[in-house]
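Chains X and S supply the protein sequences, listed in that same order. Residue 206 is where the first sequence ends in numbering that gives the first Met the number 0, and the numbering goes up by one at each step. Residue 194 is where the second sequence ends in numbering that gives the first Met the number 0, and the numbering goes up by one at each step.
Just to be clear, a hint being listed does not mean it is correct.
[To be verified] Computed cross-link-like contacts, DMTMM-like style, restricted to lysine to aspartate or glutamate with a CA-CA straight-line distance of at most 20 Å:
| # | chain 1 | residue 1 | chain 2 | residue 2 |
| --- | --- | --- | --- | --- |
| 1 | X | K3 | S | D63 |
| 2 | X | K3 | S | D8 |
| 3 | X | K138 | X | D148 |
[Claimed, not checked] Facing chain S, a subset of chain X residues (Cβ under 10 Å, in silico):
| # | residue |
| --- | --- |
| 4 | L24 |
| 5 | L140 |
| 6 | D148 |
Since the hints were derived computationally from the structure, they do not count as laboratory data. Ideal placement from N, C-alpha and C gives every residue a C-beta, glycine not left out.
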Amino acid sequence: MAAKSNLTNMVLVLGVTCLFCSAVLGGAYALTKDPIDAAAAAKTQQAVAQVLPHFESLEFNEEGNYYTAKDGDATVGYAIESTVVGFGGPLSLMVGVTVDGVVYNTSVLSHTETPGLGAKCSTDAKFMDQWRGFDPAVKILSVKKDGGDVDAITASTITSRAYTLAVENALKVFDTISVIPGVTGNLSEMADQVGHDDNEEGGQDNE
Amino acid sequence: MSKIKLLTDGFVKNNPTFVLLLGMCPTLATTTSAINGLSMGLATLFVLVLSNMAISLIAPVVPDKVHIPVYIVVIATFVTLLQLLMQAYTPAMYETLGLFIPLIVVNCIVLGRAEAFANKHGVGESALDGIGVGLGFTCSLTVLGLVREILGSGSAFGWNFIGGSDGMLAFVMAPGAFLCLGYLMVLFNKYLKKN
Chain X
0 MAAKSNLTNM VLVLGVTCLF CSAVLGGAYA LTKDPIDAAA AAKTQQAVAQ VLPHFESLEF
60 NEEGNYYTAK DGDATVGYAI ESTVVGFGGP LSLMVGVTVD GVVYNTSVLS HTETPGLGAK
120 CSTDAKFMDQ WRGFDPAVKI LSVKKDGGDV DAITASTITS RAYTLAVENA LKVFDTISVI
180 PGVTGNLSEM ADQVGHDDNE EGGQDNE
Chain S
0 MSKIKLLTDG FVKNNPTFVL LLGMCPTLAT TTSAINGLSM GLATLFVLVL SNMAISLIAP
60 VVPDKVHIPV YIVVIATFVT LLQLLMQAYT PAMYETLGLF IPLIVVNCIV LGRAEAFANK
120 HGVGESALDG IGVGLGFTCS LTVLGLVREI LGSGSAFGWN FIGGSDGMLA FVMAPGAFLC
180 LGYLMVLFNK YLKKN
């Protein structure tokens, strides 16, 4: 049965328990850190691979929150992370834009939309396929209800609008990357330096 | 108390979901599909067995006045351990359940079994009790998840049998969770608990 309480044994037992548990967790953290990082890197790699054509290496730009995908020396395109407020909470997309400013593909990183309605934004083939090769120079980037060219998900206009806005924001980021050629150079040089380590890891995962 | 009775008590007499009504938060929130219910059940089983064993070992030296904080620290340690392991080795599962894993710490089943059973019994018996109650919880969650998945999405364990169209969406959402839980509880108590 439980021991009788006095100040000494209370302090002692609590202290020893906490010390022991922190030691165990510290050890577990150290052991699982590498696999956790690898899993996160693989997930990013996979998300980018889904929204861009074949590439060899990735560079992360922290300032704009986007990845530059390169095949050898040539830039294939940019994978831009874009988060907006959806119907049920944050809606986070990865938007792939090729160098000519056309959306290559999009994928949902995370969402909290209503199951069966807004949640279709990550499963509904008809809705998702319309983003493949979406050219903002030809089509109007807003849902049909608002006079645009985007087919909304049935009964989920708010989610569809949020998705459209996320793509629009991503394209705005793309504009800041590519409008002035000189700036592009500087940004990717910066990304070279900042993202050097990431780049190596990315290269390994790619194999 | 026989060893078999220890195991089966967790299923029927002390079934955490349908009889004790403990741990309702993860029960209602994660059972949108059978697989999710099963995973959450197994995660809780893992924590329950280990914390029951650890607590039965340390109970004799823990002073009465600080026993709750000590138990919570032990439980939280196992939960964090589970969280790190899932994040590292089953990232896909962690994505679905991630939000609810830390909540196992405050799942009343775990502390409930520590208080009601583990601190008065030996390691072996406490482990059996943990397995029994944990499996009872897992089965209840899987059944609840399965019923909601069949009604709400027209599929079972991810296998869709109504060809892509929608089921009764309400059952995937919170109101359906309460409805299903209520009906299952009635059936459980009427047919199983009587015997």
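Do the hints match the structure? See the list:
no., hint, verdict
1, X:K3 / S:D63, "holds, 6 Å"
2, X:K3 / S:D8, "violated, 32 Å"
3, X:K138 / X:D148, "holds, 6 Å"
4, L24, "holds, 6 Å"
5, L140, "violated, 28 Å"
6, D148, "violated, 25 Å"
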